[in-house]
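Asker: All chains, please: the whole structure from these sequences, using the hints.
Heads up: the sequence shown begins at 1 in the UniProt record's numbering, then just goes up one per residue.
Treat the hints as calculated values from the structure; they're not laboratory data. Every residue, glycine too, gets a C-beta built ideally from N, C-alpha and C. Watch out, some of these pointers could steer you wrong.
Stated by the list, open to error - Taking lysine to aspartate or glutamate and the EDC-like style, the derived pairs with C-alpha atoms no more than 20 Å apart in a straight line are: (1) Lys446 / Asp466; (2) Lys598 / Asp480; (3) Lys533 / Asp371.
What the hints assert, rightly or not - Label pairs and their in silico Cβ distance ranges: (4) Lys41 / Val4: 29 to 37 Å; (5) Val465 / Ser440: 20 to 28 Å; (6) Asp221 / Ala14: 50 to 58 Å; (7) Pro413 / Ser470: 33 to 41 Å; (8) Asn376 / Glu274: 29 to 37 Å; (9) Ala14 / Gln379: 30 to 38 Å.
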Amino acid sequence: MTDVGKSLHEQSIADPRSFWQQAARLISWDTEPNCILDESKPPFYRWFVDGKMNTCFNAVDRHVHAGRGEQVAINYISPVTQNQYTITYNELLAQVSRLAGYMLSKGIQKGDRVVIYMPMIPETAFAMLACARIGAIHSVVFGGFAANELATRINDAKPKLVLSASCGIEPSGVVPYKPLLDEALEQATHQVEHCLILGRPQYQATLHSPRDADWQFSLKDAANADCLPLNATDPLYVLYTSGTTGQPKGVVRDNGGHAVALCWSMKNIYDVGEGEVFWAASDVGWVVGHSYIVYGPLLVGATTIMYEGKPIGTPDAGAFWRIIQQQSVKSFFTAPTAIRAIKREDPEGALLKSFDLSCLKQMFLAGERCDPDTLNWSQSMLGKPVIDHWWQTETGWPVAANLMGVDPIEVKPGSPARAVPGYQVEVLDAMGEKVGANESGNVVIKQPLPPGTLTTLWQNDQRYVDSYLSMYPGYYLTGDAGYLDEDGYLYIMSRIDDIINVAGHRLSTGRFEEVLCQHSAVAEAAVIGVQDKLKGQVPLGMVVLKNGVNLSDDELHNQLLSLVRQEIGPVASFRLVSAVPKLPKTRSGKILRATMRKIADNQEFTVPATIEDPQTLDIVRNTLTRMGYADSLAKQISD
1 MTDVGKSLHE
11 QSIADPRSFW
21 QQAARLISWD
31 TEPNCILDES
41 KPPFYRWFVD
51 GKMNTCFNAV
61 DRHVHAGRGE
71 QVAINYISPV
81 TQNQYTITYN
91 ELLAQVSRLA
101 GYMLSKGIQK
111 GDRVVIYMPM
121 IPETAFAMLA
131 CARIGAIHSV
141 VFGGFAANEL
151 ATRINDAKPK
161 LVLSASCGIE
171 PSGVVPYKPL
181 LDEALEQATH
191 QVEHCLILGR
201 PQYQATLHSP
211 RDADWQFSLK
221 DAANADCLPL
231 NATDPLYVLY
241 TSGTTGQPKG
251 VVRDNGGHAV
261 ALCWSMKNIY
271 DVGEGEVFWA
281 ASDVGWVVGH
291 SYIVYGPLLV
301 GATTIMYEGK
311 PIGTPDAGAF
321 WRIIQQQSVK
331 SFFTAPTAIR
341 AIKREDPEGA
351 LLKSFDLSCL
361 KQMFLAGERC
371 DPDTLNWSQS
381 MLGKPVIDHW
391 WQTETGWPVA
401 ANLMGVDPIE
411 VKPGSPARAV
421 PGYQVEVLDA
431 MGEKVGANES
441 GNVVIKQPLP
451 PGTLTTLWQN
461 DQRYVDSYLS
471 MYPGYYLTGD
481 AGYLDEDGYL
491 YIMSRIDDII
501 NVAGHRLSTG
511 RFEEVLCQHS
521 AVAEAAVIGV
531 QDKLKGQVPL
541 GMVVLKNGVN
551 LSDDELHNQL
561 LSLVRQEIGP
571 VASFRLVSAV
581 PKLPKTRSGK
591 ILRATMRKIA
601 DNQEFTVPAT
611 IEDPQTLDIV
621 RNTLTRMGYA
631 DSLAKQISD
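Answerer: Structure representation (structure tokens):
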């Protein structure tokens, strides 16, 4: 039997120009590209360099021109506000072109940056598409992020305009965004010229003239704007991801390669095309929201769902299944964390079994490593293929996945299957040599990366090279460790740096330590990611206090939790912290975080030969045991 997926992958590696030239026919071009891949300035490779197109035209206008304007483009479902409505492609075009016209009236031009700090509502998609329409570069920041984190991104992107809303709404209540935005603008050294604020009835925001303007009032008389033809290599957006230094990295995505790759992935990986319903239960603040709530489904003329709610509690653990039935969802995408939360509430699947899910062909899981138990439970309950797949903010679309629209292969729990066409994934040892099948090492991707992946970091080519390309020349370093089995299936096992993955949110331990050290009582801090059955990982902190500190354990604990929540935000899930007399370090002063993680997660560990004081590991073990980690399974092994 022919292995179609393997054949496609071999074609994409042997002749990438031909492969992606054919894929480029999936989108509409103002000027079709002849130079498919420019390799003249390695390691900065560019796709479709002489092509011209517009992402917004491909996601909106072309479907209207094709006579499908009355098809539903966005289905907005908000259990937290008890609100639900649909937006057709005709309505989407009207909203987006008017917002783009307003932006032009404020002097926003091609190449200018626009920060979007909004909740999961259709206006957020309008904002992204309006930027794409006129060539402005958008940078979406997760709604509710702490003011100082927002300020950092504003300083880096230097936007002329911020688009925001008065508030977001969580199951716990209203989260006012406008005060956070005002505080961020106070902290930022870059001065933003204009803010457009969408008022929501749940919270009345204060507008500061002349900077702030009301969304509904301002757009009432705005002129419509046409799509601007853009170079395929022009930036579409900047999306910030955590850096190990605590300074976020602005991933740059271009227009042409991004549109081509997403169209290809929607059809070949997710098996979704025009008129079909696709649902990615994520948030537009993250890469999944960019790629598969907004751009991917709309580029292929599908119906996408914007869901302002949670997997449980809005109203119950049947929320996902209820919507899949009601909206006839064909392909569904969520995070393993969400499924673990549902499993905890509905372990026997009673709620799930009360819905007719015959419309659903498959469910996709990503955002963190999917443990086999979660995948097996999902598959047995749904009676459908459950597809783990792996990718990153930097790649923008899947690196390893089962090609459900082409030729599905065996699902192996624990693996996101094989590399997707366009990606040459290898596993190397510390010396840069390939390891054998089932041998662990650093997961890398041979350059050039396929279309749709990051082109650089915003205003920082050198950091792009240093972060991703310098360790193994000719390869992109994913930052993950894992192995390939004898069938070419990839297994991702852990991060090789100190980024932790909390419920799909990648957060820097260095940033946590920075915040903890802001407390006047703290002399030094170490934060590690420990395993958590629900969230995958949660941060755990240990702090060394300054001499003479007179704080009770409860006071210190509460103050540190409050500080992290204020500085990083509630997404941090930071609840575990304890004071210790001393941290384990090497003689050169490096904190032994990897060893601490192994102790916490009950894994065998070796005392490093360079440790300064071996007794500090006993301190860590005792502290972790008191906190509910490092039980008797954790043991030292000999060198």
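Asker: All hints, please: hold or fail.
Answerer: Structure-based check of each hint:
A hinted pair counts as satisfied when its Cα atoms are at most 20 Å apart, and Lys446 with Asp466 qualifies at roughly 16 Å. Only pairs whose Cα atoms come within 20 Å are accepted, and Lys598 paired with Asp480 is accepted, the gap being roughly 17 Å. Restraint check for Lys533 and Asp371: satisfied, since their Cα atoms lie roughly 10 Å apart, inside the 20 Å limit. Between Lys41 and Val4 the beta carbon distance is about 35 Å. The supplied range of 29 to 37 Å therefore holds.
At roughly 26 Å, the beta carbons of Val465 and Ser440 sit within the given window of 20 to 28 Å. As the Cβ distance of Asp221 to Ala14 is approximately 56 Å, the hint placing it in 50 to 58 Å holds. Judged by the Cβ atoms, the range 33 to 41 Å given for Pro413 and Ser470 holds: they are separated by roughly 35 Å. Between Asn376 and Glu274 the C-beta distance comes to about 34 Å, which sits within the given range of 29 to 37 Å.
For the pair Ala14 and Gln379, the beta carbons lie near 34 Å from each other, so the given range of 30 to 38 Å is met.
Against the hints set out earlier in the document, no violation occurs for any number.
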